[in-house]
Amino acid sequence: MAELLDDSLPPNIDDIDVAVFDVDGTLSRDDASVSDRTIDALRDLVDTGVHVVLASGRMAPALRKLFTRMERSGYVIACNGAITVHTDHDEIIGLGPLNDNYYREVLEFGRENDLETVIFGTDFFYTEVDGSGRQLLKAPNEGLAPELVDLDELDRNNRLKVMYYIDPERTDEMVERLRERFPETVKTLPEFYELTEENVSKWSGLTPVLNDLGATPERTLGIGDSENDLSWLPNVGIAVAMGNAYPHVKESCHYEIGLNEDDAVADFLTRWADHRRSSAA
131 MAELLDDSLP PNIDDIDVAV FDVDGTLSRD DASVSDRTID ALRDLVDTGV HVVLASGRMA
191 PALRKLFTRM ERSGYVIACN GAITVHTDHD EIIGLGPLND NYYREVLEFG RENDLETVIF
251 GTDFFYTEVD GSGRQLLKAP NEGLAPELVD LDELDRNNRL KVMYYIDPER TDEMVERLRE
311 RFPETVKTLP EFYELTEENV SKWSGLTPVL NDLGATPERT LGIGDSENDL SWLPNVGIAV
371 AMGNAYPHVK ESCHYEIGLN EDDAVADFLT RWADHRRSSA A
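Taking the working numbering, I'd label the letters of the sequence shown as residues 131 to 411.
All the given hints hold, so there is nothing to weed out.
Pairs of lysine to aspartate or glutamate residues, derived as DMTMM-like cross-links and limited to a Cα-Cα distance of at most 20 Å, are as follows:
1) Lys380 / Asp137
2) Lys317 / Asp297
3) Lys195 / Asp170
4) Lys380 / Glu348
5) Lys380 / Glu133
6) Lys195 / Asp393
7) Lys268 / Glu321
8) Lys195 / Asp160
9) Lys195 / Asp220
10) Lys195 / Asp253
11) Lys195 / Asp174
12) Lys317 / Asp161
13) Lys317 / Asp160
Keep in mind the hints are simulated off the structure, nothing from the lab. Predicted model, so just to flag it, every value in this text is computed and none were measured.
Make a model of the complete structure from these sequences and hints.
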């Protein structure tokens, strides 16, 4: 079980060169916004020499906007690892689109079960239904809503991730059916369930980042809260769960901090940045 960090830091924090952060439920509050306080704390950490990486189910452009707010550069792992981008020169350093057969299967499942199906691409996302799910995705994607298109017509590089919106009244029956058909399904947001290409995850998205930096997992810290963080948190040197994380995420981490709604990451980063400056003095 994760050890609670109140006002302390992990004893091996000085070994860390890279910090990876989930966004929704971690950096963001419950309304999907990332506070100015958290942005300031991320900037402060970057200025001490730590490489910051954002790893999320959100689209790459939405994550790049957070770096724009920081006025700093870094790496974004978007669509749950299906695309990795260096924000400094907007270079795609990792891409894992859905293969043709799998893509046809997920579309067929959504249509057969009357689900809102959203497909995430390199720069935008798409759906065929103007429903509740389309509106709910605006908040975690910087106000953007999926474009209404024929999903059969999308080119391969715009088929990075599928997200199903499941109405709360249908959750029990529908999620059981979904996980039976696609056991690899992960829940990332309330009412939303996601799939990516086989072997694509935040961990596969992080690998090209570490290669680009010449860094190692052992010298990496990560903070997350959800099922899609289980692919990578157990692999890094210091794994931190949010206080609001799923119980099985906490079980996979070394440490636990406070709640996303209280900007717990900002508190942690402020302590860490102060410690780095003191150690360098």
